[in-house]
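Sequences listed follow chains A and B, in order. FYI, the numbering for the first sequence is 1 to 362, going by my numbering. FYI, the numbering for the second sequence is 1001 to 1362, going by my numbering.
Source of the hints: derived by calculation from the structure; they are not laboratory data. Any given hint might turn out to be false.
[Said to hold, decoys possible] Partial pick of chain A residues on the chain B-facing surface, computed with a CB cut under 8 Å:
hint, residue
1, Arg84
2, His148
3, Gly151
4, Trp200
5, Leu319
6, Met320
7, Ala321
The C-beta atom is built at its ideal place from N, Cα and C for all residues, glycine as well.
There are 2 protein chains.
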Amino acid sequence: MAEQRVLEVDLGERSYPIFIGDGLLGRPELLQPYIGGRQVMVVSNETVAPLYMQRLLPGLGDCQVEQVILPDGEQFKTLEVLDRIYTALLQHRFDRSCTLLALGGGVVGDMTGFAAASYQRGVNFIQVPTTLLSQVDSSVGGKTGVNHPLGKNMIGAFHQPRVVIADTDTLDTLPERELSAGMAEVIKYGLINDAEFFSWLETHIEGLMQRDKALLAEAIERSCADKAAIVAADEKEAGQRALLNLGHTFGHAIETGMGYGQWLHGEAVGAGMAMAAEMSLRLGWLSEQDRRRVDELLEKAGLPCRPPEDLGVQQFLDLMAVDKKVLAGRLRLVLLQGIGAAVIVQDFPPDALEATLGAFQA
Amino acid sequence: MAEQRVLEVDLGERSYPIFIGDGLLGRPELLQPYIGGRQVMVVSNETVAPLYMQRLLPGLGDCQVEQVILPDGEQFKTLEVLDRIYTALLQHRFDRSCTLLALGGGVVGDMTGFAAASYQRGVNFIQVPTTLLSQVDSSVGGKTGVNHPLGKNMIGAFHQPRVVIADTDTLDTLPERELSAGMAEVIKYGLINDAEFFSWLETHIEGLMQRDKALLAEAIERSCADKAAIVAADEKEAGQRALLNLGHTFGHAIETGMGYGQWLHGEAVGAGMAMAAEMSLRLGWLSEQDRRRVDELLEKAGLPCRPPEDLGVQQFLDLMAVDKKVLAGRLRLVLLQGIGAAVIVQDFPPDALEATLGAFQA
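Using the sequences plus the hints, can you model the full thing?
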């Protein structure tokens, strides 16, 4: 039986719905009310386009529909590749009433969103995320952008979509490793402020990893709702939104240190959460039992619980200092005072950080 | 006697002051209240930096001040050159509380503004425009961006500065041609909706071209006020703001057709306004006498009153069709129903446009 949920992200005049379920791709009634103008540029990549483009197109009606197919991978999330989207828009004479639609994972979504934010100083944006990670992460928050050789996601803008369509059917073809990577973000929402959801995940992790559609839809909706609650209260990341960086400061250091594309973002976040849990344990905030629950759930989700051994303590510290969560030279970390009780910490003993990094070198 | 005027641009929580006068550069009390954080990146170009950087720096106090010096010219307003700003910010480990300061003309302002809009999804921005054009145009409206090989200003964002400092002393070194180019925008404000200002300009054009500081300050303030009144009512260019494009649709076609950097923007706008006046005359909206007043003031300001002869009618039409003012494939033009009475026109006889373009081919 087809499942369809809808979650409204409340951002005043920029509010938008997220449709979640199976069989959603290509349904005109979900797409057409949100298309501005008569021109739609679908941006996808070489992996996703052959799988889902034909299923999507009927939903776009009789607009002028053009396509840009990007190479697949985080290493292509650059200004140079972004320029291909601008070029296609200009070659097809798209005007400022046009719509950009992202069909793909986080990389496609981030790049398409930034192209939409910056083409003619801002045009309409629709997201059709096709990975678990992008369904639970990119769907909410309006963050768009590209990487720079000196840092991840350093160039970008806040730009909200007009609608998000998360079709769980697209997860059928998702590689196992990417399913795990998406699950890292799902687990993150439980860890931040939803202990009940964390317990639900512990109960259902096997079914989720077997891609049970009903369980996936529930996990996606709950993740988006948890994220939306944080984002709606704090759209510009002045305060509480930083909680969403749980596992990310460590994780970005791993991604940058290993070179983009070696570790999946979610894998790095998984290891990053394990590191945050370890540091929280060392500060006496998290019990050994809860630390073990974190590691066990990560493991059942097929995620790494430790950083790669190639990264030394000093290299880690260097990498973390250019992370964009650094405020005026002072490192902020998101740590755990319990499962479902994350906190933003700026004043921590530097020893604790180094000891934590050292613990994983063993 | 030093002159100092201040104009408040009213944009709600993003309101900011424009300081106008001589001797303003390097005055800490005008700059420091508007610097966020402790890191300032001054972006300038090879022409302006040697002239005014040393005068500016004392105003920045004891922040971490770094510089990026770009090559001078519209042809460098590209994604590639923009990337140098991002690289400098990352190399110096600037965080998201930093401030970008543009010291230079419109190109420096547009690029620095877009870098500020997009670095870590948005940081503080201060503008110190050093050309007449940028003092009257870029100071108000929040438009930032770069060019694309297929179109001018096609990539960008709206990003408001925290303060603008328009020091008329910097106009001492401005080449004659650029003074004229700036005067084109000044004249534009009179033409759009300020007939009294247009008359004032007819009276004072000689003094202005001799760079009388008091007259320049008055012209800058009045231009900024006229623009701010339009922009404040319509920050996102849904309606009235399009009036500011008077002369620009024709002008952009000239700039693009000739290749960026051949004609100055203001020169192209000057010719564009003469073309708009000619078309308005042909539609029976503008008297021959008023058309002559437009041409005479443009001439006294040292501006061209006609497009370059190399551009044919068809080439013009092609170039205008990719202009970003094209809404859903229909060309919008700003024309004159009198001096100080500009209107946005979408339904005009195509013949009138072609006849106007043809008239300048003779």
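Verification of the supplied hints:
Proximity of A/Arg84 to chain B is violated relative to the hint, the smallest CB-CB distance being about 11 Å (cut-off 8 Å). Interface restraint check for A/His148: the shortest CB-CB distance to chain B comes to about 5 Å, inside 8 Å, so the restraint holds. Annotation: A/Gly151 was flagged as interfacial toward chain B, and the flag holds, the nearest CB pair being 5 Å apart, inside 8 Å. Here the hint on A/Trp200 is broken, as its CB sits about 32 Å from the closest CB of chain B, past 8 Å.
Of the supplied interface hints, the one on A/Leu319 is violated, with its beta-carbon coming no nearer than about 12 Å to a beta-carbon of chain B, more than 8 Å. With a least beta-carbon distance of about 11 Å to chain B, the hint placing A/Met320 at the interface is violated under the 8 Å criterion. For A/Ala321, the interface hint holds, since its Cβ comes within 8 Å of a Cβ in chain B; the closest pair sits about 7 Å apart.
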